[in-house]
Amino acid sequence: AQSVTQLDSQVPVFEEAPVELRCNYSSSVSVYLFWYVQYPNQGLQLLLKYLSGSTLVKGINGFEAEFNKSQTSFHLRKPSVHISDTAEYFCAVSTAGGTSYGKLTFGQGTILTVHP
Amino acid sequence: NAGVTQTPKFRILKIGQSMTLQCAQDMNHNYMYWYRQDPGMGLKLIYYSVGAGITDKGEVPNGYNVSRSTTEDFPLRLELAAPSQTSVYFCATSNRGRGGTGELFFGEGSRLTVL
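Chain order of the listed sequences is A and B. Counting from 1, one number per residue, gives the positions in the first sequence under my numbering. Counting from 1001, one number per residue, gives the positions in the second sequence under my numbering.
Please note that the accuracy of each hint is not assured.
Derived lysine to aspartate or glutamate pairs resembling DMTMM-like cross-links, with alpha carbons at most 25 Å apart [claimed, not checked]:
#1 K49/A / E1079/B
#2 K69/A / E1079/B
#3 K1057/B / E1079/B
#4 K1044/B / E1072/B
#5 K1009/B / D1026/B
#6 K1044/B / D8/A
#7 K58/A / D8/A
#8 K1057/B / D1038/B
#9 K49/A / E1103/B
#10 K1044/B / E1079/B
#11 K69/A / E1103/B
#12 K49/A / E1059/B
#13 K1014/B / E1079/B
#14 K49/A / D1026/B
#15 K1014/B / D1038/B
#16 K58/A / E1103/B
#17 K58/A / E20/A
#18 K1044/B / E1108/B
#19 K1009/B / E1072/B
#20 K1014/B / D1026/B
Source of the hints: derived by calculation from the structure; they are not laboratory data. On a predicted model such as this, the values are computed, not experimentally measured, just so you know.
Here chain B stands alone, though its shape is the one from the complex (with noise of 0.2 Å):
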């Protein structure tokens, strides 16, 4: 059971590059998220999905863009990177359903610089 793949795991874009960043999950849960994370400064929630083609902004989602096609993919996208956009990024999910509790289950994460 691999739970929550993200690929790649690490990533060097030249500013004004574009790139995907790719997250898979076998949980069969329904919500899905990006967070990316900085030193000091905790996680932040770019985007998420409560389902299949529904997403929704969090509260960093400024130069990034997400779709959800299916329950399992939730890939998150970067059209012009940006030095700002040197992190670590997560992608999680949750069971918020029936009997979910909120608890995230989180990949490995993909750390991405933009030089």
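Only chain A is shown next, with the shape it has when bound in the complex (with noise of 0.2 Å):
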């Protein structure tokens, strides 16, 4: 079985400060590992992915998340943040390889705040 824990669930940071948004998983396979947003009221939206190769990964609107195989930890940063950022992060695991059908394990949500 595989579990994602997301260590903060809120986040309060000012208008171009830099942000670290923690995510840990557990997995006894090898793992493909995701980062969605969600902006209120709306559906899930992809930030980002890491598949295989490089363990830098970066995403859309200037994200970043990097793959740390032996802290099992898939962080997302951003350099800078703006007013628009707000919005709820969720990071997700599924089986490598073709056994787990796509399933999707979330952790439980980070909430970001970005404070003009």
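Since each chain comes alone in its own frame, lean on the hints to assemble the complex.
Okay, here's the thing in structure tokens:
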């Protein structure tokens, strides 16, 4: 079984400051890792994903994340946030390869609030 | 290109009533999923389907049923609504076949309240 833990339920930050949203996962097999963003009253949309290769992945809107296999982490970062980044962010994991039918296990979510 | 369309967007049910949440996709994806989202709990998988005629239970299937008669449609049925089913429901699709990466594409959600 897999699990995902997002270490912060809420992260307040001022505009133009850097931010890190933390995600740790547990799995006995190789995984794919994802970050999704959910704006108020909307569905989830993909920010970025790690499938293989370089452990530093870049996504949309200036976000990036680093896969650390030894620490089983996939933290999301942005060097300078904007008011429009206010949203809820979800880390998710799926089993690499074809046996999981694409099922994702989600973390609890982190609400990022950017203050002016 | 509509993507994933869910109806209705909002619904209030009385305890014991039944209803169906509709999900339609025009992305020609084989894989479809139903998740529920509760505050502070993330998303939990209810049911999923890997193709027409094939469905399977996810993490929280009790109280729900699904069917998949076509590639495009994946309705979720609540037979006897209970307050514990008050939630936001998301339908999602994935192209996990050749060239697919497993990324999920979500609908905008259906907010259900059971009173």
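The hints, checked one at a time:
1. K49/A / E1079/B: Violated, at about 37 Å.
2. K69/A / E1079/B: Not satisfied, since the Cα-Cα distance of roughly 43 Å exceeds 25 Å.
3. K1057/B / E1079/B: Holds, at roughly 16 Å.
4. K1044/B / E1072/B: holds (22 Å)
5. K1009/B / D1026/B: holds (18 Å)
6. K1044/B / D8/A: Distance of about 19 Å is within 25 Å: holds.
7. K58/A / D8/A: holds (22 Å)
8. K1057/B / D1038/B: holds (19 Å)
9. K49/A / E1103/B: holds (8 Å)
10. K1044/B / E1079/B: Given pair K1044/B, E1079/B holds - Cα atoms ~19 Å apart, limit 25 Å.
11. K69/A / E1103/B: Given that 25 Å is the threshold and the Cα spacing comes to 21 Å, the pair holds.
12. K49/A / E1059/B: holds (23 Å)
13. K1014/B / E1079/B: holds (12 Å)
14. K49/A / D1026/B: Roughly 23 Å between the alpha carbons, so the hint for K49/A and D1026/B holds.
15. K1014/B / D1038/B: holds (19 Å)
16. K58/A / E1103/B: holds (15 Å)
17. K58/A / E20/A: holds (14 Å)
18. K1044/B / E1108/B: Between K1044/B and E1108/B the Cα gap is close to 16 Å, so the pair holds against 25 Å.
19. K1009/B / E1072/B: With Cα atoms ~19 Å apart, K1009/B and E1072/B stay inside 25 Å; holds.
20. K1014/B / D1026/B: With Cα atoms ~32 Å apart, K1014/B and D1026/B exceed 25 Å; violated.
Of the numbered hints stated above, those contradicted by the structure are hints 1, 2 and 20, listed in ascending order.
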